[in-house]
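The residues making up each chain are set out below.
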Amino acid sequence: MRLRYSDVTPEKLYLSRRELMAGVAALAMVGCDASTDATAAAPAGAPLKATPNPAYKWPDPPTKVEAATTYNNFYEFGADKDDPARLAHTLKPRPWKVQVDGLCAKPRPFDIEEILKLAPLEERIYSLRCVEAWSMVIPWIGYPLSALLKHVEPRPGAKYVEFTTLKDPEQFPAQKPSLFGFSSLDWPYTEGLRLDEAMHPLTLLTVGMYGQVLPNQNGAPVRIVIPWKYGFKSAKSLVRIRLTDTEPKTAWNKAAPQEYGFYSNVNPTVDHPRWSQATERRIGEFRRRQTLMFNGYADQVASLYTGMDLKKLY
Amino acid sequence: MSSRGRVALKVVVWVVALTPLARLLYGFWTDDLTVNPIEYVTRQLGSTALQLLLASLTPTPLRILFGLAWPLTLRRLLGLFAFFYVCLHFAVWIVLDHFFDWRTMADDVVKRPWITVGVLALVLLTPLAATSTTGMIKRLGGAAWRRLHRLVYVAAVLGALHYIWLAKKVLVEPWVYAAILAVLLALRAGDAARRGVRRRRAGVAGRPAAA
Chain W
35 MRLRYSDVTP EKLYLSRREL MAGVAALAMV GCDASTDATA AAPAGAPLKA
85 TPNPAYKWPD PPTKVEAATT YNNFYEFGAD KDDPARLAHT LKPRPWKVQV
135 DGLCAKPRPF DIEEILKLAP LEERIYSLRC VEAWSMVIPW IGYPLSALLK
185 HVEPRPGAKY VEFTTLKDPE QFPAQKPSLF GFSSLDWPYT EGLRLDEAMH
235 PLTLLTVGMY GQVLPNQNGA PVRIVIPWKY GFKSAKSLVR IRLTDTEPKT
285 AWNKAAPQEY GFYSNVNPTV DHPRWSQATE RRIGEFRRRQ TLMFNGYADQ
335 VASLYTGMDL KKLY
Chain Z
1186 MSSRGRVALK VVVWVVALTP LARLLYGFWT DDLTVNPIEY VTRQLGSTAL
1236 QLLLASLTPT PLRILFGLAW PLTLRRLLGL FAFFYVCLHF AVWIVLDHFF
1286 DWRTMADDVV KRPWITVGVL ALVLLTPLAA TSTTGMIKRL GGAAWRRLHR
1336 LVYVAAVLGA LHYIWLAKKV LVEPWVYAAI LAVLLALRAG DAARRGVRRR
1386 RAGVAGRPAA A
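Protein chains in written order, with this note's numbering: chain W, 35 to 348; chain Z, 1186 to 1396.
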């Protein structure tokens, strides 16, 4: 008997069967050894144990988890707020590696499983202020970025840290070139911090939220959270963290430099060119609230910026 | 077209034009206006207003291109619905978004060009809506009325500009609206220029220009 092309199982079907089998295998493994669940194909939503850190609480109740997982800015999936949740399944957060390199003594890739165990996971409730003048209160799970950076031993010349998000149009549909070659941002998405900002105890390497593994639409499997800066500074789905001696180019700054500065600290006295930053709408509330300097973290971070003109270095 | 046909067309316009509002009301009823409902409602009302404004500018190009007369009967209705949505859009901004914080709003109108042009578009559309009745057309006289209603071109350009300036530079939608408006206006301009040339030629030949 001769086999023809039409006799071969279509790739899609073959792949879906493989996924099905992997799923069955994962289910079977849960039965015998619960500790292997972190290696399952799609761990998003699985419970993630963390110790609440009472030093990082917020006076208001957390935003509803449904809101925090369906109203997202994650342009790799699309420009609409519901695109990330709708298309989240296209991202595969396992297997995953984060290359940590640049000006350091011990550059190397870190597997996501190693990142999860590098330091004790804490739950911290932070306020998140989007540059678009809305905000949420979110219980994140992670540990200070400094714990990871210490592992690679930054060199004295290192002054900045650059974060790079995964670039893969197969997993991030909006990275495909669109109509007339109109591309939204210059992929991959990059962000950056000064080294002292990156080493600040508030800067959280984040792997979960709301007691669960980080959902894909929120930046799985690992992202950064910098609560005193506008949300877009907190880069998602990281594949590289690079120590450098020059200020990194950042994605939104490249797209609109007069609107998004390198620092982008939450600052009610410095307007966005298109709107005032004096107030914000907390998701779930009707009336606007006053925006707080450094998003309410002035006590902890204001000293990082002494002597700087924050109107110029917005 | 028969008067029954005209009535049927108008019913269609009423249904189509009120659908976006009905969807918002249904969304309010079922708590399905996203988690940032004020922003969502503002945006939906604004887009609908701009779509209807463009729709109201479409009948004339359709006549120029295909000689269709029946769309002309829908212009007033489309224009009034556009104005209706502009007013709702503006009301949501005042009441829900800023809750009568007049100082902040005045500040925005002065400081932010996209808000300036948006408010200006509303101001320009208001006399057009007010003079939309048959009685007002008669009272003003056809020529003066037509001159006044050319303001709709300015309002539409301001509306498109409002969207371009308010959106992030990486978004394509505002440019789609602007491109459609540009095509609609170019078709009118081309037609007007052709008629001008014809009229001038007719003038040279000593014949009275056609009205």
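No lab work stands behind these hints: they were computed from the structure. Just to be clear, a hint being listed does not mean it is correct.
Simulated pairs of lysine-lysine, DSS-like, Cα-Cα distance not exceeding 27 Å [to be verified]:
no. : chain 1 : residue 1 : chain 2 : residue 2
1   : W       : Lys83     : W       : Lys184
2   : Z       : Lys1296   : W       : Lys210
3   : W       : Lys345    : Z       : Lys1296
4   : Z       : Lys1195   : W       : Lys201
5   : Z       : Lys1296   : W       : Lys288
6   : Z       : Lys1323   : W       : Lys115
7   : W       : Lys193    : W       : Lys98
8   : Z       : Lys1323   : W       : Lys346
9   : W       : Lys283    : W       : Lys140
10  : W       : Lys83     : W       : Lys98
11  : W       : Lys210    : Z       : Lys1323
12  : W       : Lys184    : W       : Lys140
13  : Z       : Lys1195   : W       : Lys283
14  : W       : Lys345    : Z       : Lys1354
15  : Z       : Lys1353   : W       : Lys115
16  : W       : Lys91     : W       : Lys126
17  : W       : Lys201    : W       : Lys140
18  : W       : Lys91     : W       : Lys201
19  : Z       : Lys1354   : W       : Lys288
20  : W       : Lys126    : W       : Lys210
21  : W       : Lys201    : Z       : Lys1296
22  : W       : Lys283    : Z       : Lys1323
23  : W       : Lys131    : W       : Lys283
24  : Z       : Lys1353   : W       : Lys346
25  : Z       : Lys1353   : W       : Lys288
26  : W       : Lys115    : W       : Lys288
27  : Z       : Lys1195   : W       : Lys346
28  : W       : Lys98     : W       : Lys184
29  : W       : Lys345    : Z       : Lys1353
This one's a predicted model, so the numbers in the text were calculated from it and none came from an experiment.
Hints, one by one, checked against the model:
Distance check on the hinted pair: Lys83/W and Lys184/W sit about 24 Å apart at the alpha-carbon level, within 27 Å; holds. The suggested pairing of Lys1296/Z with Lys210/W is violated, with an alpha-carbon distance near 37 Å, which exceeds 27 Å. Distance check on the hinted pair: Lys345/W and Lys1296/Z sit about 17 Å apart at the alpha-carbon level, within 27 Å; holds. Note on Lys1195/Z and Lys201/W: the hinted pairing is violated, with a Cα-Cα distance of about 50 Å set against a maximum of 27 Å.
Taken as a hint, the Lys1296/Z and Lys288/W pair is honoured in the structure, with Cα atoms around 24 Å apart against an allowance of 27 Å. For a cut-off of 27 Å, the pair hint linking Lys1323/Z to Lys115/W is broken: about 49 Å separates their Cα positions. For the hint linking Lys193/W to Lys98/W, the alpha-carbon distance of about 38 Å lies beyond 27 Å, and the restraint is violated. Using a Cα cut-off of 27 Å, the hinted pair Lys1323/Z and Lys346/W is violated, with the two alpha carbons roughly 58 Å apart.
At most 27 Å may separate the alpha-carbon atoms for a hinted pair to count; Lys283/W and Lys140/W meet this at roughly 24 Å. Distance restraint check for Lys83/W and Lys98/W: the Cα-Cα separation of roughly 19 Å lies within the 27 Å cut-off, and the hinted pair is therefore satisfied. Pair hint Lys210/W plus Lys1323/Z does not hold up; C-alpha atoms about 56 Å apart against a cutoff of 27 Å. Restraint check for Lys184/W and Lys140/W: the C-alpha separation of about 10 Å stays at or below 27 Å, so the hint holds.
With a CA separation close to 55 Å, the supplied pair Lys1195/Z and Lys283/W exceeds the 27 Å bound. Of the supplied pair hints, the one linking Lys345/W and Lys1354/Z holds, its CA atoms being roughly 22 Å apart against a limit of 27 Å. Under the criterion of a C-alpha separation no larger than 27 Å, the hint pairing Lys1353/Z with Lys115/W is consistent with the structure, at around 14 Å. At roughly 31 Å between alpha-carbon atoms, Lys91/W and Lys126/W are farther apart than 27 Å, so this suggested pair is violated.
Of the pairs offered as hints, the one joining Lys201/W and Lys140/W holds, with about 25 Å between alpha carbons and a cut-off of 27 Å not exceeded. A hinted pair counts as satisfied when its Cα atoms are at most 27 Å apart, and Lys91/W with Lys201/W does not qualify at roughly 34 Å. Simply put, Lys1354/Z and Lys288/W have alpha-carbon atoms about 11 Å apart, close enough for the 27 Å limit, and the pair holds. For a cut-off of 27 Å, the pair hint linking Lys126/W to Lys210/W stands: about 17 Å separates their Cα positions.
Distance hint between Lys201/W and Lys1296/Z is unfulfilled; the C-alpha atoms sit about 38 Å from each other, more than 27 Å. As the CA atoms of Lys283/W and Lys1323/Z are separated by approximately 63 Å, the hinted pair breaks the 27 Å bound. The straight-line distance between the Cα atoms of Lys131/W and Lys283/W is roughly 22 Å, inside the 27 Å bound, and the hint therefore holds. The straight-line distance between the Cα atoms of Lys1353/Z and Lys346/W is roughly 21 Å, inside the 27 Å bound, and the hint therefore holds.
Among the hinted pairs, Lys1353/Z with Lys288/W is consistent with the structure: their alpha-carbon atoms are about 13 Å apart, no more than 27 Å. Taking the CA atoms of Lys115/W and Lys288/W, the gap is about 22 Å. The hint holds against a cut of 27 Å. At most 27 Å may separate the alpha-carbon atoms for a hinted pair to count; Lys1195/Z and Lys346/W exceed this at roughly 56 Å. Proximity of Lys98/W to Lys184/W is assessed by CA-CA distance (about 35 Å); at most 27 Å being required, the pair is judged violated.
Proposed proximity of Lys345/W and Lys1353/Z is supported: the alpha carbons are some 21 Å apart, at most 27 Å.
Going through the hint list in order, the structure does not satisfy hints 2, 4, 6, 7, 8, 11, 13, 16, 18, 21, 22, 27, 28.
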